[in-house]
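So the sequences go chain by chain: A and B. Numbering-wise, my numbering puts 224 at position 224 of the first sequence, and it's gapless, one number per residue. Each position in the second sequence, counted from 1, maps to that position plus 1000 in my numbering.
Source of the hints: derived by calculation from the structure; they are not laboratory data. Just so you know, not all the hints are guaranteed correct.
[To be verified] Straight-line Cα separation of at most 35 angstroms, DSBU-like style, residue types lysine-lysine; simulated pairs:
1. B:Lys-1365 with A:Lys-144
2. B:Lys-1118 with A:Lys-185
3. A:Lys-144 with B:Lys-1150
4. B:Lys-1097 with A:Lys-161
5. B:Lys-1184 with B:Lys-1114
[Said to hold, decoys possible] Far from chain A, some chain B residues (derived; all Cβ distances over 10 angstroms):
6. Gly-1196
7. Thr-1221
8. Leu-1234
9. Ser-1344
Source: prediction; values computed, not measured. Glycine included, each C-beta is placed from N, C-alpha and C at the ideal position.
Each chain is listed here by its residues.
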Amino acid sequence: MAWRSRLSYFGLRHLSIFSNPSPSSWTKVVSDAEKIVGYPTSFMSLRCLLSDELSNVAMHVRKLVGTKHPLLNTARGFVYDSRNNLQMRGLVVLLMSKAAGPSSSDPIHDSMVSGIYPSQRNLAEITELIHTAFLVHRGIVNLKEWTNSDGPLKDMQFGNKMAVLSGDFLLANACTGLAQLNDTKVVELISSAIGDVVQGIYHESSGSAEEDSLTVASWEDQAFLSHGALLAKSCQAAMKLARHNTEAQNLAFQYGKHLALGHKLNSELQPFVKSGSEGAVFHLDSAPVVFHRQIVGPERWQQQLKQAQNMSRQIDYTKLRGLIKMERGVSQALDLCSYHGNKALEAMKCFPPSDARSALENMACALNKF
Amino acid sequence: MAVPWSRCWRSSTGAAVLLQYCCISSRRAFTPAASAGRKAATSAATQVLFQQGHVHSFNKPVTLSRHRCKYLYSTPRVSCSLHSDAKLKDPFSLVQKDLQNIYDDIKQQLLVSKAELKALCDYYFDGKGKAFRPMIVILMARACNVHSNKEGVLLPAQRSIAMISEMIHTASLVHDDVIDDSDKRRGKNTINNVWGERKAILAGDFILSAASMALARIGNTTVVSVLSQVIEDLVRGEFMQLGSKENENERFKHYLEKTFKKTASLIANSCKAVSILVNSDPEVHEIAYQYGRNVGIAFQLVDDILDFTSNANCLGKPSAADLKLGLATGPVLFACQQFPELHSMIMRRFSSDGDVDRAWQYVLKSDGVEQTNYLAQHYCQEAIRQISRLRPSSERDALIRLTELVLRRDK
Chain A
1 MAWRSRLSYF
11 GLRHLSIFSN
21 PSPSSWTKVV
31 SDAEKIVGYP
41 TSFMSLRCLL
51 SDELSNVAMH
61 VRKLVGTKHP
71 LLNTARGFVY
81 DSRNNLQMRG
91 LVVLLMSKAA
101 GPSSSDPIHD
111 SMVSGIYPSQ
121 RNLAEITELI
131 HTAFLVHRGI
141 VNLKEWTNSD
151 GPLKDMQFGN
161 KMAVLSGDFL
171 LANACTGLAQ
181 LNDTKVVELI
191 SSAIGDVVQG
201 IYHESSGSAE
211 EDSLTVASWE
221 DQAFLSHGAL
231 LAKSCQAAMK
241 LARHNTEAQN
251 LAFQYGKHLA
261 LGHKLNSELQ
271 PFVKSGSEGA
281 VFHLDSAPVV
291 FHRQIVGPER
301 WQQQLKQAQN
311 MSRQIDYTKL
321 RGLIKMERGV
331 SQALDLCSYH
341 GNKALEAMKC
351 FPPSDARSAL
361 ENMACALNKF
Chain B
1001 MAVPWSRCWR
1011 SSTGAAVLLQ
1021 YCCISSRRAF
1031 TPAASAGRKA
1041 ATSAATQVLF
1051 QQGHVHSFNK
1061 PVTLSRHRCK
1071 YLYSTPRVSC
1081 SLHSDAKLKD
1091 PFSLVQKDLQ
1101 NIYDDIKQQL
1111 LVSKAELKAL
1121 CDYYFDGKGK
1131 AFRPMIVILM
1141 ARACNVHSNK
1151 EGVLLPAQRS
1161 IAMISEMIHT
1171 ASLVHDDVID
1181 DSDKRRGKNT
1191 INNVWGERKA
1201 ILAGDFILSA
1211 ASMALARIGN
1221 TTVVSVLSQV
1231 IEDLVRGEFM
1241 QLGSKENENE
1251 RFKHYLEKTF
1261 KKTASLIANS
1271 CKAVSILVNS
1281 DPEVHEIAYQ
1291 YGRNVGIAFQ
1301 LVDDILDFTS
1311 NANCLGKPSA
1321 ADLKLGLATG
1331 PVLFACQQFP
1341 ELHSMIMRRF
1351 SSDGDVDRAW
1361 QYVLKSDGVE
1371 QTNYLAQHYC
1381 QEAIRQISRL
1391 RPSSERDALI
1401 RLTELVLRRD
1411 K
């Protein structure tokens, strides 16, 4: 199944990033929300991005131009898409902080800027650093799988070196940043989120072994680890930093979790519901496909896979999409998406009405727009 | 074999800077003249050590012990007691009990549901490592506890630090092996060699997150800060290894700073953390930190020597590995003073055909190894001077003897 792993490195990488190809609704919601938190969140990790170490990497990454190392694409993303794709988690943490307001034990709250504590801003930055670190570490290439026809091995070794170092650098900055928050519970929570992300990504990269046991429940577990945990726990930690009670912490956690899961569903549904996406490829373990596989069972699924193969034994995605669309898998995935959107909205109900709350609600609503 | 000190530092601007660096970073203002006095000075305890004949790798013990300035020692009495104590236990046996289940305890911290990822994370915690860091940390903890009137006690949090130090160390090894593209470590295949680079990096990240959680659970924000600094230092050290300096002075400074960040910071800050947990006196923290820092640098200097002198089987990794990676370590930097031909090879990171072999020959022809060893001794003496400021205890004395083991180790 080598084609499958290769695909996950290159072809479909953009899907695993918090990207959304429906600019009309999502981008507007996000750019409106950015105004509420005081400054564009894309500037958050600037301190880190401008450090000597990363300029060093940037210099070296230029050597990778023309090679196939995934680090190149990830780095390109920092420059072109940073506003809409990469800083989402930080923005949600800031909005959540603002929506929850000042701590009851802090009547004066004069340390807040635009209704957000400095520690919460730092946390938002840390969340982004961690997320970005794993975008980079996800793009490490297994050298033994590399064949000479793919290009010189030396380029890949070098690309790996840069990817390991820059990812580690971002993680190390996240660690020192966490320490400066002076709250060991928050350190523990966010560290556990790092562990969750690792487990989620590890699953992505091990793949095929458990393909037969792929169920919607296991899809949700995996999606929570790889996409939900960091956002959920960061939202919870933002409440903790402002000393809000455990109920508020739990609601924030729920919002983060459901928003992230809904967002992943939304991304994975795009190739099936969006007009103009006829030629798009999709993951065979994306939610609509998983629903479909559960409906038709493993045997018929294998038949359909064969049916969709062309002469050179490659999958014709247009054909496969047609087969999948004939069953209820896509509509079930749509239902699940709106379920998570509603759950996220529900979690926000207990927060007092504000611009920040509305922005978070708008984001949850945007999950169901395609 | 006794070479006068002056020769070791002859004419070399690099070495002068280097000595200055040692002095500055030990945060003591002293002039070259004063340092000259101190160079010769070690505690009587070391004198004993050096004279007892464990001079396997010491080249100049006699010269060293000749001009001792006793006034520098606050506790000469202690040194005497060390001398007369015939039943000295070795550092390993002293902490054996504390470290008994340390690898099992580490594995318990690595909570993973997926069996394969669990196997990767546990891979190096097989009990075959030296547990050098946990040993120092436990000895330091107990020495600080005695100093703080808590004899015979080891706080659970202090033992956690020992565990965490080994976890951080291992996580960094796993990543280093990917960066250096190594296929063997401690005689085993590396994780990247068996499971591929992607999974190796994730396993390293996971061990780090587990270490960070264990650290947070101690519940002390200062301790969290101190050990988070280590993680940053490790990465910065790795970045420093990417570049080489044109200028000889800078090169030595760069090398020692890199050595501190990549190796000594973990030991220094772990020692500091265990002292913080039992004592609020910043001076005690500083002693613990400085001991760890100096021993850590010495440890790495010896490691760099072994890359030239040890055979492949002994070290569990191929020799001249550093040269092959393009790294100019202590022995090469010293050799470059004798054989300026090395300069251009250093600058091109031994990348031309035959560079590694030629550089290897130059180093063996020079006294680079000897001088690096001497520098390591210097750091060990400073470590001893620092730790001697603590109240006497068998653990403190073990830390003193440990410096000797660091210098004498052959693997």
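Evaluated hints:
A C-alpha spacing of about 39 angstroms is found between Lys-1365 (chain B) and Lys-144 (chain A), which places the hinted pair above 35 angstroms, so the restraint is violated. Our distance criterion of 35 angstroms between C-alpha atoms is met by Lys-1118 (chain B) and Lys-185 (chain A), whose separation comes to about 25 angstroms. Simply put, Lys-144 (chain A) and Lys-1150 (chain B) have alpha-carbon atoms about 54 angstroms apart, too far for the 35 angstroms limit, and the pair is violated. Taking the CA atoms of Lys-1097 (chain B) and Lys-161 (chain A), the gap is near 40 angstroms; set against the 35 angstroms cutoff, the hint is violated.
Restraint check: the Cα-Cα separation between Lys-1184 (chain B) and Lys-1114 (chain B) comes to about 25 angstroms, which is no more than 35 angstroms; the hinted pair holds. With a cut of 10 angstroms on Cβ distances, Gly-1196 (chain B) falls inside the contact zone with chain A, its closest approach being about 4 angstroms. With a least CB separation of 5 angstroms from chain A, Thr-1221 (chain B) falls inside the 10 angstroms interface cut-off, contrary to its annotation. Non-interface call for Leu-1234 (chain B) relative to chain A: violated, since the shortest CB-CB distance, roughly 7 angstroms, does not exceed 10 angstroms.
Against chain A, the non-interface label of Ser-1344 (chain B) holds: every CB pair exceeds 10 angstroms, the least being about 22 angstroms.
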